[in-house]
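Engineer: Each chain, written out:
There are 2 protein chains.
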Amino acid sequence: MAGTLNLARLRRRYADEDATPEEVLREVLGRIEACTAQHVWVDLLPHDDLLLRARALGAMGAAQRAELPLFGIPFAVKDNIDVASYPTTAGCPEFAYTASRTATVVARLEAAGAMLIGKTNMDQFATGLVGTRSPYGACDNAVDPAYVSGGSSSGSAVAVACDLVSFSLGTDTAGSGRVPAACNGIVGLKPTRGLLSTAGVVPACRSLDCVAIFAQCVADAGNVLEIALGPDPRDPLSRDVPPLPVRAGLHEGGFYFGVPAVEALRFYGDAESQALFEAALQRLESIGGRRVEIDFAPFLEAGSLLYDGPWVAERLVAVGHFLMQQPEAVLPHTRAIIEDGMAYDAAAVFGAQYRLAALRRKAEEQMARVDVLVTPTIGTHVRREDVEIEPLAANRRLGYYTQFVNLLDQCAIALPAGKRSDGMPFGISLIAPPLGDRDLLTLALRFAGEASEGAVDEPADDDIQLAVVG
Amino acid sequence: MAGTLNLARLRRRYADEDATPEEVLREVLGRIEACTAQHVWVDLLPHDDLLLRARALGAMGAAQRAELPLFGIPFAVKDNIDVASYPTTAGCPEFAYTASRTATVVARLEAAGAMLIGKTNMDQFATGLVGTRSPYGACDNAVDPAYVSGGSSSGSAVAVACDLVSFSLGTDTAGSGRVPAACNGIVGLKPTRGLLSTAGVVPACRSLDCVAIFAQCVADAGNVLEIALGPDPRDPLSRDVPPLPVRAGLHEGGFYFGVPAVEALRFYGDAESQALFEAALQRLESIGGRRVEIDFAPFLEAGSLLYDGPWVAERLVAVGHFLMQQPEAVLPHTRAIIEDGMAYDAAAVFGAQYRLAALRRKAEEQMARVDVLVTPTIGTHVRREDVEIEPLAANRRLGYYTQFVNLLDQCAIALPAGKRSDGMPFGISLIAPPLGDRDLLTLALRFAGEASEGAVDEPADDDIQLAVVG
Numbered sequence: 001m002a003g004t005l006n007l008a009r010l011r012r013r014y015a016d017e018d019a020t021p022e023e024v025l026r027e028v029l030g031r032i033e034a035c036t037a038q039h040v041w042v043d044l045l046p047h048d049d050l051l052l053r054a055r056a057l058g059a060m061g062a063a064q065r066a067e068l069p070l071f072g073i074p075f076a077v078k079d080n081i082d083v084a085s086y087p088t089t090a091g092c093p094e095f096a097y098t099a100s101r102t103a104t105v106v107a108r109l110e111a112a113g114a115m116l117i118g119k120t121n122m123d124q125f126a127t128g129l130v131g132t133r134s135p136y137g138a139c140d141n142a143v144d145p146a147y148v149s150g151g152s153s154s155g156s157a158v159a160v161a162c163d164l165v166s167f168s169l170g171t172d173t174a175g176s177g178r179v180p181a182a183c184n185g186i187v188g189l190k191p192t193r194g195l196l197s198t199a200g201v202v203p204a205c206r207s208l209d210c211v212a213i214f215a216q217c218v219a220d221a222g223n224v225l226e227i228a229l230g231p232d233p234r235d236p237l238s239r240d241v242p243p244l245p246v247r248a249g250l251h252e253g254g255f256y257f258g259v260p261a262v263e264a265l266r267f268y269g270d271a272e273s274q275a276l277f278e279a280a281l282q283r284l285e286s287i288g289g290r291r292v293e294i295d296f297a298p299f300l301e302a303g304s305l306l307y308d309g310p311w312v313a314e315r316l317v318a319v320g321h322f323l324m325q326q327p328e329a330v331l332p333h334t335r336a337i338i339e340d341g342m343a344y345d346a347a348a349v350f351g352a353q354y355r356l357a358a359l360r361r362k363a364e365e366q367m368a369r370v371d372v373l374v375t376p377t378i379g380t381h382v383r384r385e386d387v388e389i390e391p392l393a394a395n396r397r398l399g400y401y402t403q404f405v406n407l408l409d410q411c412a413i414a415l416p417a418g419k420r421s422d423g424m425p426f427g428i429s430l431i432a433p434p435l436g437d438r439d440l441l442t443l444a445l446r447f448a449g450e451a452s453e454g455a456v457d458e459p460a461d462d463d464i465q466l467a468v469v470g
Numbered sequence: 471m472a473g474t475l476n477l478a479r480l481r482r483r484y485a486d487e488d489a490t491p492e493e494v495l496r497e498v499l500g501r502i503e504a505c506t507a508q509h510v511w512v513d514l515l516p517h518d519d520l521l522l523r524a525r526a527l528g529a530m531g532a533a534q535r536a537e538l539p540l541f542g543i544p545f546a547v548k549d550n551i552d553v554a555s556y557p558t559t560a561g562c563p564e565f566a567y568t569a570s571r572t573a574t575v576v577a578r579l580e581a582a583g584a585m586l587i588g589k590t591n592m593d594q595f596a597t598g599l600v601g602t603r604s605p606y607g608a609c610d611n612a613v614d615p616a617y618v619s620g621g622s623s624s625g626s627a628v629a630v631a632c633d634l635v636s637f638s639l640g641t642d643t644a645g646s647g648r649v650p651a652a653c654n655g656i657v658g659l660k661p662t663r664g665l666l667s668t669a670g671v672v673p674a675c676r677s678l679d680c681v682a683i684f685a686q687c688v689a690d691a692g693n694v695l696e697i698a699l700g701p702d703p704r705d706p707l708s709r710d711v712p713p714l715p716v717r718a719g720l721h722e723g724g725f726y727f728g729v730p731a732v733e734a735l736r737f738y739g740d741a742e743s744q745a746l747f748e749a750a751l752q753r754l755e756s757i758g759g760r761r762v763e764i765d766f767a768p769f770l771e772a773g774s775l776l777y778d779g780p781w782v783a784e785r786l787v788a789v790g791h792f793l794m795q796q797p798e799a800v801l802p803h804t805r806a807i808i809e810d811g812m813a814y815d816a817a818a819v820f821g822a823q824y825r826l827a828a829l830r831r832k833a834e835e836q837m838a839r840v841d842v843l844v845t846p847t848i849g850t851h852v853r854r855e856d857v858e859i860e861p862l863a864a865n866r867r868l869g870y871y872t873q874f875v876n877l878l879d880q881c882a883i884a885l886p887a888g889k890r891s892d893g894m895p896f897g898i899s900l901i902a903p904p905l906g907d908r909d910l911l912t913l914a915l916r917f918a919g920e921a922s923e924g925a926v927d928e929p930a931d932d933d934i935q936l937a938v939v940g
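Chains B and S supply the protein sequences, listed in that same order.
Numbering follows the numbering used here, with no gaps: position 146 of the first sequence is 146.
Numbering follows the numbering used here, with no gaps: position 311 of the second sequence is 781.
Here chain B stands alone, though its shape is the one from the complex (with noise of 0.2 angstroms):
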């Protein structure tokens, strides 16, 4: 799980001068040229380009790089988000353009000293789950190529689950921060809504865009977070905000965790998956959690509103124009799914944009009864194959833990819970209220037995797996 690029471990060997920017890079190369999963990434970055910014770090000072809190961090960037001068394709090489300038958020990270390798592949305009919706082709899976790689943030979850790179960004909308995560066994945090800036991100659904983070540990997701969060001017759906302190009971225990119905969860026959999640309930109650059943049915009317609602027709307003013209550049299941968009009329939006308000207050009461929510991120893997033969019941199935939480306004991060005994892991979404983020991050470092922020334990999943299949 915590490979040698962690934030931890790379700090230290700064630290202890045991490597240089430009090491390092040559490092991650190295592991890129040697990793078998194959259509991670769109492009690196020049080979030039990644030499002069290795270097150029390198000739800092002791005192400048103090000051930067992920001097020399190799890092990926999901190919829909703006890096100046380099091409942007959202996964269609006939929509790309060069960018002008450097996503917020990216410019940010690079500001904090962090080394930009890549841009990561993805599903065609960040529509989909699946990770195979893609003309650079479908992202293999990190731990077995014969199951998905999960989407839209495919490459950039791959990325980091094969230690190519310390973290990455990812976009969500419906659960592309997360999902990838669960398929690949690594942490994905998917920040409330508007504290990390959406400008210079080509959007899906602009309402609900959020930029995901996906690390090999809590502690390197939650510092990236606080690194890169903050109100920009330049994108007036950013929070002007920072998340809310840590409730008390998340950090000493004592805190409830609401978990669906019985009747509500969905493993789609996985038992093991069902065992794992068991158990990762039970480890929520060994730290001091108590479970409290709620009411998952506003959780997933509202989540199928995304889908089955107007919600699609936003998807029209950045890329409609780009498939009138050119309708043939885009891959027929993503051009279905967006000209869908073009049914709905706009009484049907605002129709819609009730009905949420409604949905939002009913899961608010369900949600007021708990610390956190807690459900599988996945209930199951699916096999590449499985995506041919039905490829939006695939995309169903892959959803149905993460596609309200946007449009309930909810934070969530996808932690690895354990492993199946064919290896695949399997993983649970912590998910709670608007600025809860700092919340999630306190409990997912305690459920990952990462003891405290920059720690380099190996998380506790090898427990998990002992406790259901040992």
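Read the hints as simulated data drawn from the structure, not as lab findings.
In this text the structure is predicted, and so the values were computed from the model without any measurement.
Each residue gets a CB set at the ideal place from its N, CA and C atoms; glycine is no exception.
Each statement offered as a hint is correct.
Computed spacing ranges between beta-carbons, pair by pair:
1. Pro715(S) to Asp340(B): 43 to 49 angstroms
2. Arg839(S) to Ala329(B): 45 to 51 angstroms
3. Asp308(B) to Ser555(S): 34 to 40 angstroms
4. Glu94(B) to Pro715(S): 53 to 59 angstroms
5. Arg839(S) to Glu226(B): 28 to 34 angstroms
Pulled from the structure, derived: some chain B residues nowhere near chain S, Cβ distances all over 12 angstroms:
6. Glu33
7. Pro46
8. Leu52
9. Arg55
10. Gly61
11. Gln64
12. Thr98
13. Gly254
14. Gly269
15. Asp270
16. Gly288
17. Leu300
18. His333
For this one, chain B is given, so just place chain S on it according to the hints.
Structural biologist: This is chain S only, laid out in the frame that chain B set:
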């Protein structure tokens, strides 16, 4: 201005046992009978029901009365607000239905002892600011029937202006709770959206609709607001937070008020209104305010979205079906406005919502420089004959200073501020960020010369008139 039915006077009469609710009811009915303004009411409540309610109140003991802050206070509600077992017409007899449940906000007032007298005339479906678009006849202006009464809450404003009731409820989406206050020389309070439940109100643009309060003085409007506000499980758009505490500067002086740059002000050639506006600004300075010129452009652009953008389609959600079924039942102008909504597709709504978010940011930057924004409520009065010649232009003039407020999530209070030499009232609006309602009321009390809540002093408009025309 502050007629015999204002709250302080009526409360004193009840306290002195100088009147019973039944006697007040008879007085009110006598006033209504004698009132020369035409088309104020859609219907009074049946006489027997009125009498029953008044007698029930009269039968209460002193202890019970003491718990009812609106004991025996007569009020009226606009006929798009439900009162159980009576028809709600929304200004369209063919649309009328018998309400099965009383609107939450009316129920709260009745629970506080208020005595509902009747349902008032309005622009059909609350669409319009003129007060002439009603099949029940154009509601007369309270001062001079050559001028429009303003709308859409025309009857509610005129009922208060003619001292037929102590206060009344209207609704406000584009200014319907402020424009008729200015047209008739009374106070109109448009609270922050969601403070007053809209459950049981026929929607215009439900995401923007507010219940508004008309009163004879500021203290009464504030009094009614505090009694009627609060979260409501029946209304998912209601807010569950109270208004903010009053900023010190508004109590004590030392506050800043924003005024649109002079080139953005519109008086349509009405030099007296222009002079009265300047006099009102000088009065604000005399009570400790400092004038700050602000950029009015983002406010105006936001306002233009309401009728020249997809929000017209929001009106279809509530009445679109009826419009399809019985187009001939809807007034031609009203129908034309609402039918415009059919031209917008779903993507247009999302695009306009992004634009609004950007404009909100720009408006917030301006509002951050001041405590309140001050504008005329209407630039000048509109003659009924002008409406017949150019109905849409007349409507736009009336909404110039009001229609951005709800879109920008602001609150506002319309206040009398002197009279023209022909006796027609002039008025200003104080406008504040969301939940700044108590700021507005505090400053308005001082501006109006009402010493404290419950004060019965005559407002200071005569001073202003003297300063300008004297």
